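So the chains spell out like this:
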Amino acid sequence: MEKIEKRKIICIICPVGCEIIVERSENGSLKVSGNRCKRGEEYAIQEVTNPLRTLITVVKVRGGHLPVVAVKTEKPIPKKLLMEAVRLLSEIEVEAPVRIGDVIVQDLLGTGVRVVATNNIFKKTSSN
Amino acid sequence: MGVEVSKSTFVLEFAPYKYDEKIIKTVSPRGMVEYHAKTVIFATGARERNWFEVNIVGYRPIGVYTAGQAQTMMDLYGVMPGKEIVIVGSGDVGLIMARRFALQGANVKAVIEILPYPGGLARNIQQCLIDFNIPLYLSHKVVKILGRSRVEGVLITQVDDKFNSIPGTEKIIDCDTVIVSVGLIPRVELLERAGAHMDPSTRSVVVNEYLETTLPGVFVAGNALVINDLVDYAAEQGERAATSAVEFIENDGLPSLDWKNVVKGRNIRLVVPQLISGENEVLFYGRVARPEENVYLTAPEINFKQYHIRVTPPHMLRFKIPRRYFNDLKGDKLTLMIEPK
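First to last, the protein sequences are chains E and U. The first sequence stops at residue 128 when you use this note's numbering, and every number in between is there. The second sequence stops at residue 341 when you use this note's numbering, and every number in between is there.
Among the hints, a few may not be true.
Said to hold, decoys possible - With a cut-off of at most 27 Å between alpha-carbon atoms, the simulated DSS-like pairs for lysine-lysine come out as follows:
(1) U:K305 <-> U:K260
(2) E:K8 <-> U:K109
(3) E:K79 <-> U:K83
(4) U:K109 <-> E:K72
To be verified - A partial selection of chain U residues facing chain E, derived with a Cβ cut-off under 8 Å:
(5) M74
(6) D75
(7) G78
(8) A122
(9) D131
To be verified - Quick look at which bits of chain U chain E covers, simulated, 3 or more residues with Cβ under 8 Å:
(10) 95 to 107
(11) 308 to 316
Keep in mind that the hints were calculated from the coordinates and are not lab data. As the structure is a prediction and not an experimental result, all values here were calculated from the model. Ideal Cβ placement from N, Cα and C applies to all residues, glycine included.
All chains, full assembly: derive it from the sequences and hints.
In structure tokens:
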């Protein structure tokens, strides 16, 4: 866990964007204020303990009508793994066709999170 | 549903010929086709504002792209437009592109915003800029793009409250790519040419609560009507326009004939619809001119009042005023405004 006394966080759960203050009390427990809903409290505690982010990037496709397919992590992954995950995904290649929702990676860097396609890639025909 | 879809088709001309007959002339690989219809719905979307529309001077070097062009290159073709990036405009699109570049290994050197506050949502400032230590220059503008064959940098200055450069604040940021993300403009040229009344604040046409333009039986929805924050709003406008078109066809016109103006009061920058009959519930979409906290959104003529924790320009207001409120509407206008609590 990160060492904190008091931290200001902008909540990313919904478009309101609350400014949430997280403070550590003397007994070590976390006190959350400034949030306007329950999800904000959960987010703030997650953010100071192990921040998570959804990753959106592209993966190379062989034999498709386009050379890459847009992908995302099905759930947020630890923020500190983002760059490593992008590097890993830049090295793999999948075979066309790819459909929206297809699983590209079953378990991303041991997080248990799947990477799924967010675009349809057709098989390249001889005419194109 | 048996609807003919004509792909690769360009509309050359649109004419509201008669009250119940509109003509659309099109060209496509199948030749020229003319359509006659009782009603027409424009769902033509918006285009990106380009860099030559925001007074940036310089040559035309390689490396200047709109956010949409960069997105197409990266997400469809897997091509990186450059390595050292400066982004012009801090709307949600610009912020998201900053993150996209940073994640893909580029060095995003700055996001430049002319206004004193960010154009995008707070959560995108956090997850797109702060997460990647990307500097945001508020009250700054790009005055010149440097470089002749390839972008070599941008000249930026701080601006005063009239957006004029403050002398002595010039600064050069080296970069090889400039991404311009300075807003969207509804594509309603055909409607404007056909004589539909325009609203300078939305840069689109004036509509009533049926989403009908001032040309009877001609409707508009989605980003062609108003630049929406959420695709859900565009979809619901599409449904509204479709329902209205059916009503127009079945009854040879809409039931309401007398329109009251919706007036933009304190801190309201734009509102849709701009005309209401007072005979129906109305779903409004609006934007404020500047950020404010702890306020009421009010319509004083009808005692409508809605509390908002915070209102900001990037956060579209969407609110329904039920039919019963309009019983009290006596005059020929309805004012909407933001009032401090």
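Tested hints:
Only pairs whose Cα atoms come within 27 Å are accepted, and K305 of chain U paired with K260 of chain U is accepted, the gap being roughly 20 Å. Distance check on the hinted pair: K8 of chain E and K109 of chain U sit about 24 Å apart at the alpha-carbon level, within 27 Å; holds. Distance restraint check for K79 of chain E and K83 of chain U: the Cα-Cα separation of roughly 22 Å lies within the 27 Å cut-off, and the hinted pair is therefore satisfied. Distance restraint check for K109 of chain U and K72 of chain E: the Cα-Cα separation of roughly 25 Å lies within the 27 Å cut-off, and the hinted pair is therefore satisfied.
Of the supplied interface hints, the one on M74 of chain U holds, with its beta-carbon coming within about 7 Å of a beta-carbon of chain E, less than 8 Å. Proximity of D75 of chain U to chain E holds as hinted, the smallest CB-CB distance being about 5 Å (cut-off 8 Å). Given the 8 Å rule on beta carbons, the hint for G78 of chain U holds: about 3 Å separates it from the nearest Cβ of chain E. A cut of 8 Å between beta carbons decides the hint on A122 of chain U: the least distance to chain E is about 3 Å, and the hint holds.
With 8 Å as the threshold, the beta carbon of D131 of chain U comes within range of chain E, its nearest partner Cβ sitting at about 7 Å, so the hint holds. For the stretch 95 to 107 of chain U, the stated coverage by chain E is satisfied: 4 residues place a CB nearer than 8 Å to a CB of that chain, which reaches the threshold of 3. Counting residues of the stretch 308 to 316 of chain U whose beta carbon lies closer than 8 Å to any beta carbon of chain E gives 3, which reaches the threshold of three, so the coverage claim holds.
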